[in-house]
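Use these hints to put chain B onto chain A, whose structure you have.
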Amino acid sequence: MHHLLEIVGINKSFGATQVLKTCTLTVDPSETLVVIGPSGSGKSTLLRCVNLLETVDSGDIFFEGENITRARRTAHLLRRQIGMVFQNFELFAHLSAAENVMLAPVKILGMSRADAHDIAVDLLRKVQIPEKADAFPDELSGGQQQRVAIARALAMRPKLMLYDEPTSALDPEMIREVLDVMATLSAEGMTSIVVTHEMGFARRAADRIVFMEQGEIIESAPSDQFFGGAVNDRARRFLDQILH
Amino acid sequence: MSIELVLKYLTSPNFVHGAEMTLLLTIASLVFGVLIGLVLALIQESQTRLGTVVTLAYLWLFRGTPVLFQIIFIYNVLPSFGIRLSAFVCAVLALSLNEGAYMAEILRSGLQAVRKGQRTAGLALGMTRTEMMRYVVIPQAARIVLPPIGNQMIGMLKLSALVSVIAVEELLLVANQTASADFRYFEALTAAGIYYLAMTTAFMGLQTLLEIVLDPKKRQRMRRLSLTERMLGTSKALAVR
Chain A
2 MHHLLEIVGI
12 NKSFGATQVL
22 KTCTLTVDPS
32 ETLVVIGPSG
42 SGKSTLLRCV
52 NLLETVDSGD
62 IFFEGENITR
72 ARRTAHLLRR
82 QIGMVFQNFE
92 LFAHLSAAEN
102 VMLAPVKILG
112 MSRADAHDIA
122 VDLLRKVQIP
132 EKADAFPDEL
142 SGGQQQRVAI
152 ARALAMRPKL
162 MLYDEPTSAL
172 DPEMIREVLD
182 VMATLSAEGM
192 TSIVVTHEMG
202 FARRAADRIV
212 FMEQGEIIES
222 APSDQFFGGA
232 VNDRARRFLD
242 QILH
Chain B
-5 MSIELVLKYL
5 TSPNFVHGAE
15 MTLLLTIASL
25 VFGVLIGLVL
35 ALIQESQTRL
45 GTVVTLAYLW
55 LFRGTPVLFQ
65 IIFIYNVLPS
75 FGIRLSAFVC
85 AVLALSLNEG
95 AYMAEILRSG
105 LQAVRKGQRT
115 AGLALGMTRT
125 EMMRYVVIPQ
135 AARIVLPPIG
145 NQMIGMLKLS
155 ALVSVIAVEE
165 LLLVANQTAS
175 ADFRYFEALT
185 AAGIYYLAMT
195 TAFMGLQTLL
205 EIVLDPKKRQ
215 RMRRLSLTER
225 MLGTSKALAV
235 R
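Protein sequences appear in the order of chains A and B.
Here our numbering is used: the first residue of the first sequence is 2, the next is one more, and so on.
Here our numbering is used: the first residue of the second sequence is -5, the next is one more, and so on.
Isolated chain B (complex conformation):
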């Protein structure tokens, strides 16, 4: 194996572009996935019969078929109905719709994990339902759903490789094409693997950061500890932990 070649691949415009595409696909699909999931979760929360039927049908459809199937279906079937979208848009659409189904379940479980009494307490203070959700329920649910959402973030990064089947120039497709052109599979795939690991590592870091931001207690403790205390390890809070 040639380390130089791996480095060359890592810095080549093709790979950088492929990695960017993977990241863009992942982030766009996650954002839309969370939005779809939130809407579905809130519809279920409202407990209307129509809402329940609609969300159940959605979950049944998108959790019940492979993502790969959904990607190929959207890319190949929509044009026959006159809807022409670019491969990238199809990819984001398919990944978002699929992600939305899983996010809906995660967010619903988060909302349900906030005790009913907390809602009553918010209402009793004079909040409207919207205010109660916004200031009481969602901040608490956000903390609960963060670890499973972290899982989904990392899962999505890897899932995005599937859209290579509809010729979106993402990281794996670039690596595979480069490898077969140069007959250097080991180097090309190693370079792609390094990019994947770097991105998943960054996502894990982001998750840890968000957990600190969303946990008021951890945040407060970080503030309380002065830098010198942290360096000298003289703080009681650290000793307890």
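This is chain A alone, in the form it adopts within the complex:
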């Protein structure tokens, strides 16, 4: 069987700065990967390369066995199968919570508004805010916005979810509600790649931990092994820093 996602030796530079250095990584169905590392280590760029928001300079990316690396013309078709959640939520400001969830199914997949509304209601229930369906983004707390953003991504029935520091812009008391939703999804078998600094979440939900530094994947180990202490020195130093 194929891996769901296979990244083979990708390189990416912005100008003179090399952000990704020969990164190789595989993700299997139902797996949850947590990517950690200091800021500027290339974690977000790695995620953005997966759904072709950035194009790599060299190397290959396979999704369900198909080489998608240079499929720029059909990038939008690929992205329909890959959900993404951003640090700043990026809910569409002119639409209510339910409409945010409905937009892509209705406009891209041509689903009827009634069907899409049913799906939106279900998904908002799943992320624990069915009562906010008619609220607009600026009427929601950060935690609520991020949960709507997760529902919006799920509405396309993605095969893979990418979370780009989903709780970094949240007040501490709201982090938990978002992480709980993500952990539930992972437990239900949603394949996920999560860039985060939340080590509690990593311990709880990750199958594998990937540690990046200066554009390189330094370590990629099963979660229990990683937290069991069998880690490389640079990863340990980083862990010591963020765990104080």
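FYI, nobody ran anything at the bench for these hints, they're computed from the structure.
Be a bit skeptical, because a hint or two may be false.
Stated by the list, open to error - Covered stretches of chain A (chain B as the covering partner; in silico rule of three or more C-beta atoms under 8 Å from a C-beta of chain B):
(1) 84 to 91
(2) 103 to 113
(3) 151 to 163
Only a predicted model underlies this, so the values are computations on that prediction, with no experimental measurement involved.
Here a beta-carbon is modelled for each residue, glycine too, at the ideal position from N, C-alpha and C.
Chain B only, in chain A's frame:
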């Protein structure tokens, strides 16, 4: 001053026709102006070098010379190149070309005001660039550009008086001709002024209406408030405001 004469002017076929002409000039020039502006704004958005040069040259030309000059130029110079257009078409052409330059800047600022992350979010959902512009960027930009476009609408109504120099029978020309024929400047100009004020008032009303239509939150609230609540003032939403 004779109020009866003002009323007579207001209802005279000449004035009604002049007012219609002014309105037609304004609306036609605005429509074409917005279209030109939208094309220019989207060209700039695409960030190709040729596009940037072309739009900058356009803005430089049409913002850099007086509209009155453009009107006279188009009306008098095009025929020498064998292009014969009616005075009305020349008027709409000149006003639209000029308006397009200002609209381009307004629309560009609106498009730029929509955060980059919103575009990324649209793309990440699987939208093509066109879908992303249509469903994510333009609806949000429309709300932002509405007040300056309202300004332009009212400005255009008044700008249209300039085309009297190429003998388009619009409101001001009619008023001026009537006044000098009857020697009743006060009455004739008052009648024209009343028409201008009525039309600008209507435009302001239209702007307010559009702002409600384009603001999903206001729209939703209007729906939520029942008529009785609005009349009795018992709604919380009203009390908060």
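Right, here's what the structure says about each hint:
Requiring three or more residues with a Cβ within less than 8 Å of a Cβ of chain B, the coverage given for the stretch 84 to 91 of chain A holds, as 5 such residues are present. With a cut-off of 8 Å between beta carbons, the stretch 103 to 113 of chain A has 4 residues touching chain B; three or more are needed, and the interface restraint holds. Only residues whose C-beta sits within less than 8 Å of a C-beta in chain B count toward coverage, and the stretch 151 to 163 of chain A has 3 of them, enough to reach three; the restraint holds.
In terms of the numbered hints stated before, the structure departs from none.
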